[in-house]
Amino acid sequence: MLTIDLSGSYFALDTAFSVRISGMNPACFTDKIPGDAGLGISIPVNDINRGILGAPERFAKYFPAGNPGVRFPGCSIRFGGALLISGSLVVTQASNENYDCWLQSNLGVMGEAQQEKDITEMAWPTNQTFVAKESYNDEDDDYCAMIIKNPGFWDGKGREADNVPMAYTDENGDPQIKLETRSVLSGDHWTNYAWLVNNKLTEPEINKKGCVISPFLYLRYVIRESLRMNGWYINRNDMTSNPLFPSLPMATCSQLAIYNNVSIVEPEFTTGSYNLPQYNWETNQLETKTENIITEQEW
Amino acid sequence: MSITVTVPSGITLSGNPVWVTATGPAAPAGATNYKFAIKIESPGGELTGAPFYDAIPPDDALFARFNIQGYVDRQTVYAFGWPVNNICLPYGNYTHEVKITGGVSYINSNGDLVEAWNASGETFTLINGGVSQRQIDIWKAATQTFQTTYITPGKFLTQRPQDDYCHPHQPVKLWFYNDGVICNTLRLVCKYSDGTSVTSNIAITQYEHYLHELSVNPYHNSIDLVTESGAVLLNWTARLYNNETTVSDERRFQYDLRPCERPFWLMFFNSLGGIDDVYLSGYAVEGFEVEGTTVYKPAQFDNSIFDRTLVTPGKQGNNAWRINTGWKTATQMLHLRDLLLSREVWLLYPNNGVTNYYVIPVNIGNSQAELVDRQKDLWAIDIEITEAHNSQFSFDNRLY
Chain V
1 MLTIDLSGSY
11 FALDTAFSVR
21 ISGMNPACFT
31 DKIPGDAGLG
41 ISIPVNDINR
51 GILGAPERFA
61 KYFPAGNPGV
71 RFPGCSIRFG
81 GALLISGSLV
91 VTQASNENYD
101 CWLQSNLGVM
111 GEAQQEKDIT
121 EMAWPTNQTF
131 VAKESYNDED
141 DDYCAMIIKN
151 PGFWDGKGRE
161 ADNVPMAYTD
171 ENGDPQIKLE
181 TRSVLSGDHW
191 TNYAWLVNNK
201 LTEPEINKKG
211 CVISPFLYLR
221 YVIRESLRMN
231 GWYINRNDMT
241 SNPLFPSLPM
251 ATCSQLAIYN
261 NVSIVEPEFT
271 TGSYNLPQYN
281 WETNQLETKT
291 ENIITEQEW
Chain B
1 MSITVTVPSG
11 ITLSGNPVWV
21 TATGPAAPAG
31 ATNYKFAIKI
41 ESPGGELTGA
51 PFYDAIPPDD
61 ALFARFNIQG
71 YVDRQTVYAF
81 GWPVNNICLP
91 YGNYTHEVKI
101 TGGVSYINSN
111 GDLVEAWNAS
121 GETFTLINGG
131 VSQRQIDIWK
141 AATQTFQTTY
151 ITPGKFLTQR
161 PQDDYCHPHQ
171 PVKLWFYNDG
181 VICNTLRLVC
191 KYSDGTSVTS
201 NIAITQYEHY
211 LHELSVNPYH
221 NSIDLVTESG
231 AVLLNWTARL
241 YNNETTVSDE
251 RRFQYDLRPC
261 ERPFWLMFFN
271 SLGGIDDVYL
281 SGYAVEGFEV
291 EGTTVYKPAQ
301 FDNSIFDRTL
311 VTPGKQGNNA
321 WRINTGWKTA
331 TQMLHLRDLL
341 LSREVWLLYP
351 NNGVTNYYVI
361 PVNIGNSQAE
371 LVDRQKDLWA
381 IDIEITEAHN
391 SQFSFDNRLY
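Respectively, the protein sequence lines represent chains V and B. Counting in my numbering, the first sequence runs from 1 upward without gaps. Counting in my numbering, the second sequence runs from 1 upward without gaps.
Check before you lean on any hint, since a few could be wrong.
[Unchecked claim] In silico DSBU-like cross-links for lysine-lysine, where the CA-CA straight-line distance does not exceed 35 Å:
1. LYS39(B) / LYS32(V)
2. LYS35(B) / LYS117(V)
3. LYS149(V) / LYS208(V)
4. LYS32(V) / LYS376(B)
Hint data in this document are derived by calculation from the structure and do not stem from the laboratory.
Take the sequences, apply the hints, and build the full model.
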């Protein structure tokens with residue numbers, strides 16, 4: 001027997017009541033998160049149903065042009081007690097005879113709430129403490145610090161100077177270095193860290209000039225937290241490096257991380273006075289101008 | 001955290017709502033989306049897709065009630081012993097066990113999902129079948145159940161009336177569920193027209209927690225229907241014993257000795273999990289229903305007198321019968337309600353010489369039958385039956 005209930009209150013339905021349940025696998029979509037839907041739900045207006053949904057006459061004010069309908073969360077459709085679909089009942093039209101509705105599954109509700117939103121807009125935790133380790137793994141850590149060679153990290157940042165090393169590939173495909181006018185920090189990055197990001201994390205040399213430390217969030221963590229923040233929890237995650245499940249096809253994806261171009265290392269600048277000789281064209285005399293400049297920086 | 005789960009006691013019919021209740025503690029501080037959950041497992045593997053999970057929020061009294069009929073009701077392929085070679089046939093697959101484990105689920109104050117399950121679950125047994133809502137309400141008012149009405153008192157699983165009239169060669173079936181007491185004797189007490197009686201104790205083997213099919217017609221139990229002195233067996237009783245201790249209730253049957261040229265029997269899955277038999281002693285009209293489509297095929301230059309332009313590419317047909325029940329008593333007519341509702345029906349169709357019977361799966365058509373008119377003394381109806389096969393080929397009756 002097909003039943004619809006709203007938080008345990010059962011609707012009184014026609015004996016010929018039916019509903020069309022449409023299933024959508026969200027894995028088949030890249031631009032949206034569609035959910036299952038129960039379509040063509042027509043609930044008769046009677047004393048029992050009016051007590052649950054309210055008088056149909058009052059719905060008129062909720063249906064101005066463009067309004068998608070009134071939502072009632074906590075609705076479920078069951079057959080013989082077995083749950084077929086649950087979510088929010090959306091009443092799109094109400095007349096003296098029927099409430100015309102459809103049921104949006106909980107997944108569809110979440111998909112609609114998150115549509116066209118950037119993942120960075122979610123309430124990710126802030127001010128986290130970075131833990132420097134020799135190695136990271138997806139089971140114990142939320143992020144990793146893969147060592148990556150990035151000669152261009154400091155390009156366009158800070159003062160430039162001549163004869164700063166620049167990496168290129170010659171016509172034979174061999175890596176070469178030439179000297180160019182580039183950011184001073186690029187030169188420091190080469191000198192101290194050979195352009196490596198996340199290098200020497202557990203060594204005392206970490207505070208040299210040009211240091212770049214970029215924690216990369218594990219993809220597994222991002223997926224888990226994105227869903228958790230929307231009230232969904234992963235039951236089984238095949239993206240695991242757990243040695244108990246080496247043969248799972250997604251196991252190799254456990255090492256995937258999301259790259260970013262942000263360094264969490266903040267330089268601390270020391271400023272001081274600098275006497276800068278300057279020629280005054282009005283007085284035709286050489287003068288000394290004192291300016292404050294950055295004299296030292298500690299990483 | 002653990003919750004207390006209460007499952008139906010004893011054997012339960014899977015076609016009716018199967019209620020499982022749960023009581024438990026209040027939600028922890030800071031928890032949201034607090035629900036009582038149940039896990040439905042099939043220890044014997046009969047339920048495809050098990051285990052199932054369901055969760056509903058408890059009410060203010062920390063009580064939740066689940067209807068799990070949709071999870072535990074299953075489609076089973078039924079059969080019965082035909083021809084009658086074994087008096088007692090056990091069936092272990094017509095019942096199935098279900099295990100219910102309770103638990104709680106909620107989102108804690110850290111936003112993490114917490115699920116906690118009880119260490120062990122409760123198990124109970126189900127039989128396919130059901131009773132009407134009116135019967136359920138009567139049982140509830142009298143604090144009775146299927147277990148206390150049929151299983152505990154040892155009743156056979158049938159709604160057929162006492163003194164049911166049967167054909168002398170009819171496969172008369174009674175179904176019995178062993179709920180702990182094993183029976184080793186089927187006792188038939190047969191009464192003859194000269195006032196004598198014969199008691200036959202037939203040794204049988206039964207298994208605990210199995211459904212058993214018993215063929216109780218004296219004809220199939222090697223009992224003379226006519227004695228040497230010419231006395232005719234008129235009626236008999238059937239009962240199960242464990243040594244000399246009665247286990248089941250007693251059922252009485254009568255022979256319908258009126259001549260019938262072509263007796264038909266309908267076997268059907270009844271509401272209580274067994275298979276009943278009904279004797280159709282009236283006239284029969286045998287028909288054949290055909291349906292098909294016709295398409296037009298343009299004439300070709302080289303067509304002969306044998307070619308056609310209207311072609312029937314798909315034609316299918318099935319046998320149909322309209323069989324009269326023959327005169328029956330009021331209680332026999334009311335028993336036909338179970339037949340008319342049954343979704344698994346078989347016609348035992350006699351061959352030309354009425355020396356053998358074919359088993360034909362059939363469907364009973366929709367009807368608005370007048371079963372009993374209280375102004376009359378005997379009643380009969382026509383039953384519309386169609387074969388449960390649709391085929392473009394015919395069946396060769398001559399082979400059987």
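Okay, the hints, checked on the actual structure:
| no. | hint | result |
| --- | --- | --- |
| 1 | LYS39(B) / LYS32(V) | holds, 32 Å |
| 2 | LYS35(B) / LYS117(V) | holds, 30 Å |
| 3 | LYS149(V) / LYS208(V) | holds, 17 Å |
| 4 | LYS32(V) / LYS376(B) | violated, 70 Å |
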